[in-house]
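Asks: As a plain string of letters, each chain reads:
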Amino acid sequence: MIGLSHYLIVSALIFSIGLIGVLRRRNLLMLFFATEVMLNAVNIAFAAISHYYNDLTGQMFAFFIIAIAASEVAVGLGLLIVLYKKYGTLNLDDFASMKG
Amino acid sequence: MYEIVAFYLFSVLAIGLFLVTVMSKNVLYAMTSLAAGMVLISGFFFLLGADFLGVVQLVAYVGAIMALYSFAMMFFDATRDIKEKNTNPALVFLLGGLSAVVLVMMFAAPIHSDAIQALYPMHEGVGNAQDVGMVLFTKYLIPFEVAALMLLVAMIAGIILAGKKMDQSLTEDIGADDEILKQKDEK
Amino acid sequence: MDNILSILVFFPAIAGLLGFVVDKESARAYGITVAAIEFLLSLWLWFSFDTANAGMQFVEMIPLIPSFGISYYIGVDGISLFIILMATLMTLIGMVGMSTTKNIKNMIITLLFLEMTMVGVFVALDAIIFYLFWELSLVPMLYIIGAWGGPLRIYASVKFFLYTFTGSLIMLVGMLFMAYIYHNTTGIWSFAITDWYALVLPVNYQLWLFVAFFFGFAIKVPMFPFHTWLPYAHGQAPTIGSVILAAVLLKMGTYGFVRFSLPMFPDASVMMITPIAVLAIIMIIYTAMVAYAQKDIKQVIAYSSVSHMGIIMLGIFAMNAEGISGSIFQMLSHGIVSGALFMLVGVIYDRRHTKLMSEFGGLASVMPKYAVIFGIMLMASVGLPLTIGFVGEFLVLLGFYQVSPIMTILAGTSIIIGAIYMLAVYKKSFFGPVTNEANKTLKDLDAKETWSLVPLVLIVIWLGIYPKPVLEPIDNSVKAMLVFMDKKAITQEAKDMIRVSKSTEGGI
Amino acid sequence: MENLVYIALFAPFVGSMFAALFGMSPKQTFVGIIASSLLFISFAASAVLAFHVYTTGTAIHVTMMEWISAGDLMIPFGFLVDQVSVTMMTVVTLVSTVVHIYSIGYMDHDKSFNRFFSYLSAFVFSMMILVMSDNFAGLFIGWEGVGVCSWLLIGFWYHKEDVAREKNPSISPSWAANEAFIVNRIAGLGMLIGIFIIYWNVGSLQYDVVFADLPNLSSSVLNAAALALFIGAMGKSAQFPLHTWLTDAMEGPTPVSALIHAATMVTAGVFLIIRANPIFSMTPEVSFFIAALGTFVAFFAASMALVNRDLKRIIAFSTLSQLGYMFAAAGLGAYWIALFHLAAHAFFKALLFLGAGNVMHAMDDELDIFKMGGLKKAMNWTYIYMGVASLALAGIPIFAGFFSKDAIIETAFNEGTYVLWAILVLTAGMTAFYSFRQVFLTFHGAKRYKDEIHPHEMYKFVLIAMAPLAILAVIAGFFMGGFQTFVTKLLPNYEMSHHTHELIVVLTAVVLVFAVGGIWLAYKKYANGLKRDEKLENSFLYKLLANQYYIPQFYEEFITKPYAMISEKMWKDIDMKIVDATVDGIAKFLYKSGDKARAMQTGNLSNYLNWMAVGGVLLLIVAAISAMLA
Amino acid sequence: MLEPINVSLESLNLITLAPMLIAIAGGLIILILDLINGKLHKSLYVMLTILILMVDFGATLGLNVNERGFFDVMLIDGISIISQLMIIVGSMIFIPLALTSKRFHEYSYPEFFALFLFMVAGFQFMVASDNLILIFVGLETASLSLYTLIALHNRSNSYEAAVKYFTMGALAAAFFAMGSAVVYALTGSVELYKVAEVMATRLNEPGLMIAIFGSSVLLLIAFSFKLSLFPFHTWAPDVYEGASAPLAGYMSVVPKIAAFVVSIRIFGMYIDLGVEWVRIVILVLAVLTMTLANIMALVQEDVKRMLAYSSISHAGFIMAALALDTTEGTTSIFLYYALFMFTNLGAFSMLWISRHKNRRFDARYDHPYEKFAGFIQIMPIGAVMMGLFMLSLAGVPPFSVFWGKIYVMQAAVNAGYIWLAIVMGLNSAIAAYYYLKLIVYMFLMDPIKDVDTI
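Chains as they are written, first to last, in numbering that gives the first Met the number 0: chain A, 0 to 99; chain B, 0 to 186; chain C, 0 to 507; chain D, 0 to 629; chain E, 0 to 453.
Keep in mind that a hint or two might mislead.
What the hints assert, rightly or not - A partial selection of chain C residues facing chain E, derived with a Cβ cut-off under 7 angstroms:
no., residue
1, L131
2, V172
3, F176
4, I180
Simulated from the structure, these hints should not be mistaken for lab results.
The beta-carbon is built from N, C-alpha and C at its ideal position, and this holds for glycine as well.
Next comes chain A alone, as it looks inside the complex (with noise of 0.2 angstroms):
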């Protein structure tokens, strides 16, 4: 029988693996992939509680992480083609003008 326990390791697993993208990525879309794949983990783990506890509340919770995931890619991406236009490129050592 599979458990909430199921789920949620694997859900844990796939955010892992979302984090081990955001911090190996150089390449700005790639790294935006990786957001997602995390954004998703959250969401295996929503339903399954909402599944295991019979509630609704996680449902709705993942559908709103749904709707902020597409808001965020539509601002992401218009960043990025402003990006784009400026610097010619989307890897992230090349625009580390502002430090220290």
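For this one, chain A is given, so just place chains B, C, D and E on it according to the hints.
Replies: Positioned in the frame of chain A, the structure of chains B, C, D and E alone reads:
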């Protein structure tokens, strides 16, 4: 039984696909595997009886978001392999591994409690969409509307950031200052 | 004129604000006039002061933040009265003798604000008001040192500011803790010092609070080993800055000990006598020796200030009326004498733009009036009887002898080594043949300088011969304080150590 | 009578202030005259007071006003004219008047003539406060006041340059002045401590209260007080080891040496012992120490005088030596004898100095007696004066010194301290020798001075002014009996024991033999001109004495120089490199760590994300660990 | 079959929504105005925005304390009213700076003002709810607007700043979501009052501590990012530098107020439940933050960056007060931030006023210290004001932040954390150095001659 099989199958596949997403050098591969992973996640949702969520996942994520990403990918012409100087893998996997260990430890704890009363219970014999709709448009109407506002914000942001007007910066253009100021300077 | 204290505090500040309107050419006259009026007001305060009354007078109290117990609460007693008088006097004299010409208007305005903060510190009876003026005084001083100082002025001014600021923040924590304890005990929030007096604290609390306040005060005094900002500040400050710094600002620290530490923490004060006395003695001997090694006249006087402040510290912790009264008198005497000495150094600096002793020699032949006044101040500085310097030093040493003869003998060496460095300065600068060509044509004191210095000479001699008008009110308040401390002390050692004068043994 | 007290006290002060008014103007003879007249008024008032006290036997006590009162301490400006103080007053004002008049002549050519009188009168005023005060604090005012006047007067010619010690042992007037001041401050500290001890044990500083309360004090307190006061006295009276300043003080104008460093100020220490005799008579150990030290100094100073070539320094050493006699007497309890010797010594020593001043005046400030000789003809009066003074000093009968010094030596014998007696007797011989060595070398023999110097006698009025001293130097001894009855009303009487009385002729004879022997020896060696003995002059002992036992050098090497060095080290190495550097070090440390911490702010987003993840994971791990521990 | 739900309008308590609705409506009006006539001058929008905010302010003032509305999603308590008022006041101070006669890119967009109002609404939602969902959505609405506003300044630095802020924000959002998930798993609820109830019953269950700690840590990470606590502060200096000066000032205050309110609700809950561990962690973070930010501020060459670090340090200060979780502590937070708001916005505004379009003094920085050398001679009143702001920030009495400081320190003392008060005191002393540095430049140095100044 089929639940167990599906769970493990989805889990392994999803983990594998997401690993590809974060490890691949090719944007196309990464994006494709991300999309595939998301489909699998919607599979989890169906498995968990969250039909509505599963559909939203498919429509919004796989449909809308991934389409956006594809456009972006085309814009950046990123079909080729990208050159990344990735962060020191030892650090990355140490941190990722540690976070995985701790999170797994957390979730392996007896977190599930039967004593917890569902505040917004699902109803027997009622479709998930109906259930969700009921809660969404009563309890979560305000967040829902705020989410609408958020999407509006995102839309405006997307439009003006990607717009042509951004190409010529007034901030950095000294000549763009008001006429009055120019006259002042001349004096 | 019940609110004369408020007038004293805010008159210079308002005058300073209005000063922005005054034309640059007339700023100096304006400043002198305002300072003179302020001084007259403070004289009036003295004349209307009831010398027989040992308690607080002219008290004003306006609640500011009632829920937090902060109020505008001011008053004077014999201890603070004369320090206020000295502050107004030295500001006036400093302005009269000032030779600065650059940005004179800013200088005048800054000085007037500084005067407000100085008077404010000494009249405040609310800890927060005290702290407010205490910190605020740093700002004008920072500006004075930083804007009109020597080559290292910025380093010196920043060091001065940060050092004192750091110490006083620790003191602030102490004040807050004190308020907390007061609240815990009585259920009322109050920052009024007089309320705090009434609070009997357990000894360990007293000790901690004493230490917290100590940091604030000790750095200001400045006590060894927190003294190193002082030579820089003095060395770089313009004459007027040094005068006010030495005359008034340093006294804030010692005044703080008298106003806060002793009456609030009598047991802790008694327990801390030895450590503080040791520090004070190190201060006295060590800085006097360091002063001897200096090449710059102003630095000698700066270090001598530290040494004299050591005497004052010692007196405060003598725990008898002789020592504490002497100590407060010594504050006045040091204020006037070191102020005058700094002005004298300023005189020669204006003429030669150097303060190095090696540049001088034989000035006594060229500038006899100058030499005479310098000589008188020197003698006052080394504590010659019948000058102002003797009374305080004598009383302090006399008072502390009761605490520890050995330490008094060590501290008493100050009269020897004090003479050594002062006489060395005098010999190197004033005696001997005039070797430097540049010195042969130096002009003696002009009218402005004479008029600013002669009043100080008169005070030095007047208070040396007849200190009673000043000493008596001080002594009354000190005796009352000792009676109070004796009653308040909880440990037997403290009761034994605090020596109530015979005349007040039965209580006031 | 009270007014007389104030007149005696303040006349010199008025004179000083009057002269000070003209302090910066060129010489005005009338300044000197007025100052001298005021001094004479003071003398007259003192004399009347003395007569009053002598006739009525009662002391006059006046309180002018309150000075310091704090806590339980109350110090008034109170003045006491009793047998002791009136004696001092008379001696001081008399000698001062003479010196003032003398100075009009002596300082004739000095451009700071007016200033000189201002200082000199100020000194007399301080001295009067010292002797007249009715309490220890008042005494201390005078004590320090004379110190500062002495500083001003020694350094009177402040414009002179510092020279090497080999050239001039006192380096320069200003150096000598500072030395005197500082050494006196050391003593001043002792005195202050004495005052503190008295105050905290008695509760007052008034002589009468203190002396009345003495029986209630423990012996340790008394000993401490006596010792502390004596340390004060040692400084002012230049007793070993605080003696070096006195010879250096000879840098001052000669009238100053006469007045301050011979007749009055240096005897203040003796005066203090006499004044505070109730304390000292209760502390026999300290008193004996005083006597022993006095005896030692008498001999020690005399030994240095034997070989010195400097006219004034010889007299200064003799002053030291005579002060030793006085201390010996005071220490042995013969206070009145000490006081008598003090007075007699004041007369003849002042005379001697003034004579020396005449010689200097004549010799263009030459002081080396080896470069004089044969001045008898040119300066007959001076010769007589100095001869009389030297005879008095040597203790030849009839002259004042005979009576007083002899009494002291007898006292030493009477007390059974034979060692002291022996030394004092020997010293008496030495005294006679060096006094006459000086007289003979100066006035007798062939001239050894340079040809361009034309010795001439001093102004007439100066010589006349010196006459009273000369007369007193001769006749003062005859008043010894009267003096004894006068002062012993206040001071404890001291009488020789029967045994001593029996031996008195023998004892006197012994002393006389030594004295005359000394004179004879001096005559033999020096009366017919200077025959230098190279071998003697190169001998160790001679060099040791000529260099004052190398004590000034010792002080310089082991006190002055190390003090300067330690001061320098303290400033540069401790204050700058440790104390200040610690403060700056904290600031620098903060600044440096800021610079280091800045490195985490690379500007690279990836690093920022790493930081965030590291922080997050660390927090998670901490959470896991602490949860497991909990 | 589900029963239809009957809800009476009164029970919804719609008034609780009024302030946010006003702001949203205002934003929409601006958008519509722009659609009708695209050539309206920015001054119109500025004034309109101010007016809307004023109405908003009035509506907020009209709220009753301790009410819930809309199925208990909205929570109007004292904290939420005060913080909403502060948010609105801060916004009202900020927006007139758009009237500058120099033309900057962002003000050419009417959308700028609309987004600004949406952002204010987002913050208001954040503080006026204890439902993690609404908090999250409000937070994201506001953040997304903010990212855009930063980028609209339209120069390379501002993009860089926006992207850095955005990316880290996205990561923080993930942590927030994960934290919420854990909370939800633990309690079956995302409404804090309910969470507190359930969690209290589960505190003693064996083996669960790790999840409780873990949930707090995940949420803490998210809010530490918002509040720029070490080591999640790294974005702050760069973003402040890249953003326009007024926006940087705004960011240092208003979003943080919102985040603080949420933190008070969340972490206050944990501490109230007796999870002392959370308090310790927050205190450690707070102390590290104030100290490290301070020493890094010491070495800055640019005033704006220095102010950025100083803002971080002040946030650390406040976070420490938050950890005390006493009424005094909470009060002191608001007092401190109210006073800090005026001062810090003032300081950033002074930068704005002295801003040059090109970098005359330094290739990289807009506001290097050198620029302010001898400011007193060039712009006396400006220099005096800036000096007062600096003294206030340094905590010199009687200027405003001093009072905030003593309240915070008093709160620490009262809670028994004397060491914390001492650390705060010492940090203030360190901080005084860099504020003083600017004063020294402005008042004690001579202007640089060869560069033309304002």
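Asks: Taking the hints in turn, state whether each one holds.
Replies: Now for the hints, and whether the structure bears them out:
no., hint, verdict
1, L131, "holds, 4 angstroms"
2, V172, "holds, 5 angstroms"
3, F176, "holds, 5 angstroms"
4, I180, "violated, 9 angstroms"
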